[in-house]
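J.: For reference, the chains in residue letters:
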Amino acid sequence: MTHPLRLVGPEERPDAAPTTGPLEGLGVLDVAVRFPRLGSEVSSDAVRHDLRHHEHSFGPRRPQADGGARLLRDLQHVGLTGRGGGHFPSARKWQAVRDGGGGAVVVVNGAEGEPCSAKDAAVLQYRPHLVLDGAQAAAEVVGADDVVVWLHEGADATRRSVEQAVLERRATGRGDAVVHVRTGPAHYLSGESSAVVRGLSGGPVLPEFRRVPTAVSGVHGRATLLSNVETFARAALVDRTGAHAYRAATLLTVLGRSDRVVVELTPQHTLADAVALQWPADSAAPSAVLLGGYGGVWARWDDVAALRVDEPAARATGRSLGAGIVAPLPARRCGLGETARILAYLAASSAQQCGPCMFGLPAVADLVAALVAGPLGRGDRRRLDRFLAEVDGRGGCHLPDGAVRLAVTALEVFADDVAVHARRGRCLHGDAGGLGAVVPVPDAG
Amino acid sequence: MRSEPRDAAVQLAVDPVACDGIGICSHLAPDVVAMDSWGFPVLSGEGLRGARLGQAERVVAACPRRALFLRRG
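Read top to bottom, the protein sequences are chains F and R.
For the first sequence, the tail end lands on 445 under this note's numbering, and the numbers increase by one without skipping.
For the second sequence, the tail end lands on 73 under this note's numbering, and the numbers increase by one without skipping.
Take the hints with a grain of salt, since some may be wrong.
What the hints assert, rightly or not - Below, a sample of chain R positions facing chain F; criterion: calculated Cβ distance under 7 Å: (1) 15; (2) 16; (3) 17; (4) 21; (5) 36; (6) 37; (7) 38; (8) 40.
As the list claims (entries may be wrong) - Pairwise CB distance ranges, derived in the manner of DEER restraints: (9) F/389 with R/70: 18 to 28 Å; (10) F/437 with R/37: 27 to 37 Å; (11) F/268 with R/72: 42 to 52 Å.
What the hints assert, rightly or not - In silico negatives: residues of chain R with every beta carbon more than 10 Å from chain F: (12) 9; (13) 24; (14) 27; (15) 28; (16) 30; (17) 44; (18) 46; (19) 47; (20) 52; (21) 54; (22) 57; (23) 58; (24) 64; (25) 72.
Hint data in this document are derived by calculation from the structure and do not stem from the laboratory.
Since the structure is predicted, the reported quantities are computational estimates derived from the model, not experimental observations.
Ideal Cβ positions, reconstructed from N, Cα and C, are used throughout, including at glycine.
With the hints as constraints, model all of the structure from the sequences given.
T.: Shown next, in the form of structure tokens:
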């Protein structure tokens with residue numbers, strides 16, 4: 001099953017031969033993978049590494065020799081954080097589950113809630129064994145007999161790759177943890193950690209408020225290590241290389257006019273390098289960029305073009321890479337209009353469980369839509385600011401917080417647009433509605 | 001309006017998924033529970049003592065949805 005490799009990206013590699021170079025040259029994904037603007041069905045021919053190919057590149061995985069103490073130290077030393085968007089320190093999470101004393105569950109979360117993200121689909125479709133290696137290492141460290149890979153329903157290409165990988169590993173007869181593949185409905189919240197735990201425990205796939213951390217009591221009350229796909233793949237690399245040879249890197253999904261590209265970049269790269277992959281060299285620079293997806297932040301392009309692709313660097317500027325989505329906004333397009341569309345989707349994606357989200361988000365979305373249509377009524381801007389403050393931090397999950405972040409940064413970054421829309425009901429960019437969305441938004445399901 | 005824990009003492013907290021916005025809490029404990037624009041409780045997250053702790057304990061018991069609870073430390 002070898003396809004000619006169609007590569008795009010900063011480190012083009014012209015053939016599909018297994019990588020045999022030194023370990024430090026290897027990342028999670030040494031190819032760039034292209035996807036359509038929405039959905040997880042890949043549109044480029046990269047080569048999936050089966051178990052043989054994987055072990056040819058990395059060598060066979062070695063079980064933890066010391067009960068996992070070294071790996072825990074190494075995870076802490078390299079500062080690995082969760083790549084689902086929250087960037088919680090992995091070592092602390094693993095330690096908390098391990099303290100439960102066994103009988104734990106490892107959940108590999110591959111249900112990318114952010115519709116623009118495709119990095120986890122890319123990794124599971126092309127490097128599934130790296131993820132399963134990380135999950136198995138985690139199972140050994142925290143004392144788990146079961147690994148669950150959680151996916152969206154309808155993510156068929158991803159599911160096929162994972163199931164194939166599980167079969168390939170089973171055929172080796174190694175006594176690894178049992179891997180279960182489970183799916184949830186493909187909506188914005190089905191990758192939210194408490195919703196995953198609730199779904200796997202037999203409930204609806206909706207967020208719940210957890211008075212006890214998932215690490216202590218998660219799936220069916222068992223200590224649960226739930227992390228994002230990329231996080232497990234990175235943990236597998238740390239396990240292979242040790243802390244000294246590990247190369248920090250980040251998977252980004254960069255949005256373009258006709259598709260998305262998933263690439264792995266290092267802190268030596270900047271956001272400008274990422275955007276250049278999708279940006280015609282002869283066109284004007286973007287005016288702004290959306291970082292982290294619908295629940296992310298808008299930033300002026302000039303403020304972040306030189307930002308290193310590194311979560312600590314982003315945090316130092318008060319921003320976050322979130323789950324690694326980078327969506328550049330062309331200079332002549334209206335970021336407020338984009339924001340209004342996204343907010344409407346987020347409001348419709350609410351689980352309708354918490355009052356501030358159920359009532360507050362539609363109110364916010366309506367006011368931003370009214371602002372775009374303009375002119376804004378008396379007191380509407382004050383009401384919008386009050387509602388944003390009232391919604392922030394008051395849901396059972398982080399959906400409303402993300403929506404507030406999006407709206408607040410839009411009002412700040414697009415302040416010039418806000419003034420013109422609100423006073424005159426006009427758009428600085430002309431009505432861009434006919435041009436279609438820059439940031440694609442699915443129908444809320 | 002984020003309510004961050006600000007005090008190591010006892011705080012009143014709400015499970016927003018369980019809360020239906022019935023509003024008994026803000027009637028019984030006006031010094032501890034405020035209301036947002038839609039009638040859902042807003043809690044300051046500050047440590048409670050004396051009479052205000054007494055109010056908080058009363059509303060924890062009175063909430064028909066069992067959505068309120070006390071958090072220590």
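J.: Take the hints in turn and mark each one as holding or not.
T.: Tested hints:
1. For residue 15 of chain R, the suggested interface contact is upheld, since its CB lies about 4 Å from the closest CB of chain F, less than 7 Å.
2. At its closest, the beta carbon of residue 16 of chain R sits 4 Å from a beta carbon of chain F; the interface hint therefore holds under the 7 Å criterion.
3. Of the supplied interface hints, the one on residue 17 of chain R holds, with its beta-carbon coming within about 4 Å of a beta-carbon of chain F, less than 7 Å.
4. Given hint, residue 21 of chain R at the interface with chain F, holds; its Cβ is 5 Å from that chain's nearest Cβ, closer than 7 Å.
5. Taking 7 Å as the C-beta contact cut-off toward chain F, the hint placing residue 36 of chain R at the interface holds, the least distance being around 5 Å.
6. At a threshold of 7 Å, the smallest CB-CB gap from residue 37 of chain R to chain F is about 6 Å, leaving the interface hint in force.
7. A least Cβ separation of about 4 Å between residue 38 of chain R and chain F falls short of the 7 Å threshold, and the interface hint therefore holds.
8. Annotation: residue 40 of chain R was flagged as interfacial toward chain F, and the flag holds, the nearest CB pair being 4 Å apart, inside 7 Å.
9. At about 25 Å, the beta-carbon gap between residue 389 of chain F and residue 70 of chain R stays in the expected band of 18 to 28 Å.
10. Taken as a hint, the range 27 to 37 Å holds for the pair residue 437 of chain F and residue 37 of chain R, whose Cβ atoms sit roughly 30 Å apart.
11. Between residue 268 of chain F and residue 72 of chain R the beta carbons are some 47 Å apart, a value that agrees with the proposed interval 42 to 52 Å.
12. Remark: the non-interface label on residue 9 of chain R is consistent with the geometry, its nearest Cβ contact in chain F lying 18 Å away (cut-off 10 Å).
13. Even its closest Cβ contact with chain F, about 14 Å, leaves residue 24 of chain R beyond 10 Å, as expected for a residue assigned away from the interface.
14. Every CB of chain F lies more than 10 Å from the CB of residue 27 of chain R, the least distance being 17 Å, so the non-interface label holds.
15. At the 10 Å boundary, the C-beta of residue 28 of chain R stays outside the reach of chain F, the nearest C-beta of that chain being 18 Å off.
16. Even its closest Cβ contact with chain F, about 18 Å, leaves residue 30 of chain R beyond 10 Å, as expected for a residue assigned away from the interface.
17. The non-interface label for residue 44 of chain R is consistent with chain F: the shortest C-beta to C-beta separation is roughly 12 Å, beyond 10 Å.
18. Here residue 46 of chain R stays apart from chain F, with its beta-carbon at least about 15 Å from theirs, past the 10 Å limit.
19. No Cβ of chain F approaches the Cβ of residue 47 of chain R within 10 Å, the least distance being about 19 Å, so the stated non-interface status holds.
20. Against the 10 Å criterion, residue 52 of chain R stays outside the reach of chain F, whose nearest CB is about 21 Å from its own CB.
21. Remark: the non-interface label on residue 54 of chain R is consistent with the geometry, its nearest Cβ contact in chain F lying 23 Å away (cut-off 10 Å).
22. Against chain F, the non-interface label of residue 57 of chain R holds: every CB pair exceeds 10 Å, the least being about 17 Å.
23. No Cβ of chain F approaches the Cβ of residue 58 of chain R within 10 Å, the least distance being about 20 Å, so the stated non-interface status holds.
24. The claim that residue 64 of chain R is not at the interface with chain F holds, since no C-beta of that chain comes within 10 Å of its own (minimum 15 Å).
25. Separation of residue 72 of chain R from chain F is adequate, the least Cβ-Cβ distance of about 12 Å exceeding the 10 Å criterion.
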